[in-house]
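Novice: As they're listed, the protein sequences go chains A and B.
Each residue of the first sequence is one higher than the last, beginning at 1 in the numbering used here.
Each residue of the second sequence is one higher than the last, beginning at 1001 in the numbering used here.
Among the hints, a few may not be true.
What the hints assert, rightly or not - With the C-beta cut set under 7 angstroms, the calculated list includes, among others, these residues of chain A facing chain B:
| id | residue |
| --- | --- |
| 1 | V48 |
| 2 | R50 |
| 3 | K107 |
Hints listed in this document are in silico derivations from the structure and should not be mistaken for laboratory results.
Idealized CB from N, CA, C, for every residue including glycine.
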Amino acid sequence: AQTVTQSQPEMSVQEAETVTLSCTYDTSENNYYLFWYKQPPSRQMILVIRQEAYKQQNATENRFSVNFQKAAKSFSLKISDSQLGDTAMYFCAYSSGGGADGLTFGKGTHLIIQP
Amino acid sequence: SQTIHQWPATLVQPVGSPLSLECTVEGTSNPNLYWYRQAAGRGLQLLFYSVGIGQISSEVPQNLSASRPQDRQFILSSKKLLLSDSGFYLCAWEEGMNYGYTFGSGTRLTVV
Chain A
1 AQTVTQSQPE MSVQEAETVT LSCTYDTSEN NYYLFWYKQP PSRQMILVIR QEAYKQQNAT
61 ENRFSVNFQK AAKSFSLKIS DSQLGDTAMY FCAYSSGGGA DGLTFGKGTH LIIQP
Chain B
1001 SQTIHQWPAT LVQPVGSPLS LECTVEGTSN PNLYWYRQAA GRGLQLLFYS VGIGQISSEV
1061 PQNLSASRPQ DRQFILSSKK LLLSDSGFYL CAWEEGMNYG YTFGSGTRLT VV
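So that you can see chain A by itself, here it is in the shape it has in the complex:
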């Protein structure tokens, strides 16, 4: 079974700083998909960024980028120029391709952006 591990329960940085959230996963699949979701206090789950395992290029969405290391099974999220609105729980998630598998989530990292 696939597992997703987030080793940082909580992180705190100053506004405008860059922060990196860690995620590792375990799978025997060669093709799969990785996601980072943001859950603000409203508890709505918001997709931040996604990565396809067969693509070597790291995904980027504005201030958010990932460092995908397939051999190491590592998928970290970098947030540049952090903003107060980035304060939220961040979940790393894995999918082998939808359907019956759904998403497997890590336990999350609580990110706090200090003014």
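Place chain B on chain A using the hints.
Specialist: Same frame as chain A, now just chain B:
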């Protein structure tokens, strides 16, 4: 455009009472639908998934059941709630791997 609706937002129910949470999607047909539960301080656990009308699969044994009476409707139910059923329940819709999963706004269930 595609949207997902989930209700109610908050629910307080006594132990032993029944439960019905509803999720509907718009703007798509034959979606893969999922029910997740998030316990305090933990990630999301997959409870049920459905690939079509009347097709339900469960990931974990539990006091809950799910049904899909229509293509775009997914219902989470219980005949008798337990205290351990308290949590935050999220419905999700898979749009295909090019888009990932879209979540409803969730239901906070407290069993007292």
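Novice: Please go over all the hints and tell whether each is borne out by the structure.
Specialist: The hints, checked one at a time:
1. V48: Violated, about 10 angstroms.
2. R50: 5 angstroms, holds
3. K107: At 5 angstroms from the nearest chain B Cβ, K107(A) passes the 7 angstroms test, so the hint holds.
Going down the numbered hints, you'll see the structure goes against just number 1.
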